[in-house]
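Order-wise, the sequence lines are chains C and R. No gaps in the numbering here: position 78 of the first sequence is 78 in the working numbering, and each next residue is one more. Numbering-wise, the working numbering comes out as the position in the second sequence, counting from 1, plus 112.
To be clear, the hints were calculated from the coordinates, so they are not data collected in a lab. Glycine included, C-beta positions come from ideal geometry on N, C-alpha and C. Just so you know, not all the hints are guaranteed correct.
[Unchecked claim] Where chain R lies over chain C, by a calculated footprint (3+ residues, C-beta under 8 Å): (1) 28 to 35; (2) 71 to 78; (3) 98 to 111.
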Amino acid sequence: GDSVTQMEGPVTLSEEAFLTINCTYTATGYPSLFWYVQYPGEGLQLLLKATKADDKGSNKGFEATYRKETTSFHLEKGSVQVSDSAVYFCALPINTGNQFYFGTGTSLTVIP
Amino acid sequence: DVKVTQSSRYLVKRTGEKVFLECVQDMDHENMFWYRQDPGLGLRLIYFSYDVKMKEKGDIPEGYSVSREKKERFSLILESASTNQTSMYLCASSFGAPGLAGGGYEQFFGPGTRLTVL
């Protein structure tokens, strides 16, 4: 069945370091792919998405490219900031798109 | 500004109590969801509603029920709270699109209710 597998954390980086959080998916067809972020004490919010193969989603300096060859949607940022400390979730729509499979989440802590 | 609000940020209840968690959205969304979030397990769907008075079980409905009498409000009920229901509960809403395969409508989340059952 459809699923997403996300890199386990926690991840701790120094400010200005490069970030990669891996996400791979199993799906029938070519669904949209999403990254959500959860800042401390808050609910999840959409960070970025890509709707078809080879699309790149981007927001707040984060990027992810939808790669059907490797069934991946890895999240990257060139230079992280302390304010990027959060939990990041990869997500895949289920069937009709009303529900999602969420990854288990990757906790990122950025230290000054 | 779109908004999903939850009735409490923190709640402490005793085993056996009936617990109500309320969620309200102001975006006229058809869909509403209740999740619980636990360390190492990510988000797990408890119940989902795609219209007033309509509901579907998610992955872990046991011990929970829901109510949706108005479009903007979705309530989660713990009939008899137990210690293993101590968790973070997240409500979300989205537009509905039955039959839209693979599309995925963004879900908007509330801030969560951290429930402790003693």
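Now for the hints, and whether the structure bears them out:
Counting residues of the region 28 to 35 of chain C whose C-beta sits closer than 8 Å to any C-beta of chain R gives 5, which meets the bar of three, so the coverage hint holds. For the region 71 to 78 of chain C, the proposed coverage by chain R is not satisfied: 0 residues have a C-beta within less than 8 Å of a C-beta in that chain, short of the threshold of three. Coverage of the region 98 to 111 of chain C by chain R holds [criterion: at least 3 residues with CB-CB distance below 8 Å; count 7].
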